[in-house]
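Kindly produce the complete structure, drawing on both the sequences and the hints.
The chain contents come next:
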Amino acid sequence: MGEILIALIKVVFIWVWVLLCAVVMTWVERRGAAMIQDRPGPNRAGPFGLLQPLADGIKLFTKEDIVPAKAKKILFMLGPLLFSFPAFSTFAVVPFGDKFVIDGKEILLQVSNVNIGFLYIVALGSMAVYGIILGGWASNNKYSILGGLRSTAQLVSYEVPWGLALLAIALVYGTFSLRDIALAQSGTFLGVLPNWGVFKQPLGFILFMVAAYAEANRVPFDLPEAESEIVSGYHTEYGSMRLGLYLFGEYVNIVTLSSLITTFYFGAWHLPYIDMSAFLGPISYGIASFIVFFLKVAFFLWLFVWVRWTVPRFRYDQVMTLGWRELIPLGLFNIFVTALVIQLTA
Amino acid sequence: MHNSELSESFDEMTSGHSTGDYVKINIGPSHPAMHGTLRVVALTDGESIVSADPEIGYLHRGVEKLGENLNYTQFIPVTDRLNYCSAICNNVSYEMAVEKLMGIEVPEKAQLVRIIMMELARIADHEVLVGILGVDLGAFTPFFYLIIQREEIYEIFEWYNGARLTNTFGRIGGLVADLPSDFETRWQKLRDGIRNANDETDKLLTHNRIWTDRTIGVAAFSPKDALDWGFTGPCLRACGVKRDLRKDEPYSLYSRFDFDVPVGKHGDVFDRYMIRMEEMEESIKIIDQAFKMYKEMPADAPLIAKVPKTIKPPAGDVYHAIEAPNGELGFFIRSDGSDKPYRLKIRPPCYMVYQAFGEMVKGEMIADMIACLSSLNVIAGELDR
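Respectively, the protein sequence lines represent chains A and B.
The end of the first sequence is residue 800 by my numbering, with every number in the run present.
The end of the second sequence is residue 414 by my numbering, with every number in the run present.
Hints are computed from structural coordinates only; laboratory data are not their basis.
Be aware that a few hints might be false.
As the list claims (entries may be wrong) - Derived DSS-like pairs (lysine-lysine); straight-line CA-CA distance at most 25 angstroms:
1) A:K526 / B:K53
2) B:K369 / B:K129
3) A:K524 / B:K369
Unchecked claim - Some, not all, of what chain B presents toward chain A, calculated at C-beta under 8 angstroms:
4) V52
5) I239
6) R243
7) M394
8) I395
9) A396
Just so you know, even glycine gets a beta-carbon here, dropped at the ideal spot from N, CA and C.
Take a look at the structure:
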């Protein structure tokens, strides 16, 4: 009973927390864009426009729900749901902190510590694209279908380097469990560097980052919804909260991706050179690890915003060239070097 | 035609009929990248364009016919609505045509003020173009840097005669008002601002790998084709043809100024972008020189020539063209000696450029088509008239 209750609390907590992060991100995105572009940004609703996401939500919820007459209705409705579901679900295996110790009982800050965390992530990561393709197909609109097709082309180009980068991580840490990887990143190696993935897998980190930006469908990889070319791509025909789910799902997605980057490459909840568990009590340590983890995540979230407002968009064939001709060979090379180093140092 | 027939033919043009292996996509007239109300019906093979058929006329307002029904002075505000990004150039072009027809000699001071204002309008026009090109290629931020500077230019226009977009600048024979007294300080501040914004844009775009990949070699056009299709202005110079009416057929006082005419090489989107960036700097040079000459003028120098109250040019034809930001903007006027033109014809630069659009984008991808369209700076107001 106690176990189930704790699991339930964790699920609800992290769900609400990710939701909150995504809501705040919509605000950060707009204010961040405004900051980068020399303009004030939304500043009417609440202090610093902080209530803007709420206002947007109310607007989307109260708008008329329109389904185009010639759309495939069931698929049309399924699209946004399929898109936002994987983004939330991926969080189930992400360790968002170390642990609490209450009455000698350990409570891990992770919904489920499965030993095939990697496969789970890769499987769910490819699910989201179904939402896009279905949305594009069911809309019965040429721009939408183009968006959906672009998304497919993009998926096959970035999924492979993304998997290759993950594989190299698995080689380094010898495990598929995200928590074990996080635990392995404490302390230092070679005497000076923190024992973080980014120092052990610099090339892998770059590959993973690029693939993550493609996965998130954001500039420079926002071709499925390239506004100036295909109106809004796959969600051209969507309105009200269905559109909201697509837009919101994107933010949930980047929260998840930032968490993955932090877990794999930036030491999860570990601070460099400082062992927090040595001087903090069991409960305050749990809280501190959670805070450290999300501070790192916040940095990557900001990076997503920063990149979006800095670079132009790729063309669809250029993304495929980048994926197949540059990232995949680099990914294979990375695995080869990693395996070689492990073999030689073992 | 019956309603049902109409809707049928509309369906045929726009909706899901595939033609063989190709899909027909209707882009515009209401589409985020079709600036103004342009329309392209494209036959596509996946994302590649097999053929693109530009269709015009969605912003036709009968401007030339209006010209026959308004007297010579009344037509000036109508010219504002041609290329609304640089209305002052349209105004001056029209005024100069009428002046040429009547043989009016415009006082030098007025000509200098006109040149200053026209070059400001050129900068404003190019800033919009570069910004929009960025937006269409997914780079949103430079647009804001540039548009802030365009706003500053509009502030100067506004402070000259109260209008920002549709300036209705000047009169036939010269100007009504002089440059306001603190132009110098304003201009110096503005010049720094423009240079800063252009620098930022340059840093964000020119050497950005994604940007160069997206623009270099895209929708390239050979000098011969460009001349055959009647290109003028930056689009022609991007192909490597050094033709600028300010140099080749100097009008007004342009022969006195020292400035370069930037020329491209390949006639692709990148060259068209670079030409605009470089031309802004040249315009700054011209304004500096013009203002120096202006300051040497006596304060009470006349601003307007002796012009009769009712403008009645002698019967005859005239064509006068200037180098507008988009290229050769010409006005042909046939006068029958009355106070209204017998016939008025406008030669807009983007009409000739847009003709070749289908040719240019053949074989390119949809994304390139949008980039190409933005780089041509087709303004519907001037295209459809």
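Outcome of the hint check:
1. A:K526 / B:K53: holds, 21 angstroms
2. B:K369 / B:K129: Cα-Cα ~16 angstroms, so holds.
3. A:K524 / B:K369: Given that 25 angstroms is the threshold and the Cα spacing comes to 54 angstroms, the pair is violated.
4. V52: holds, 7 angstroms
5. I239: Given a least distance of 5 angstroms, the restraint on I239 (chain B) holds.
6. R243: holds, 6 angstroms
7. M394: holds, 6 angstroms
8. I395: holds, 6 angstroms
9. A396: holds, 5 angstroms
Of the numbered hints listed earlier, the single one contradicted by the structure is hint 3.
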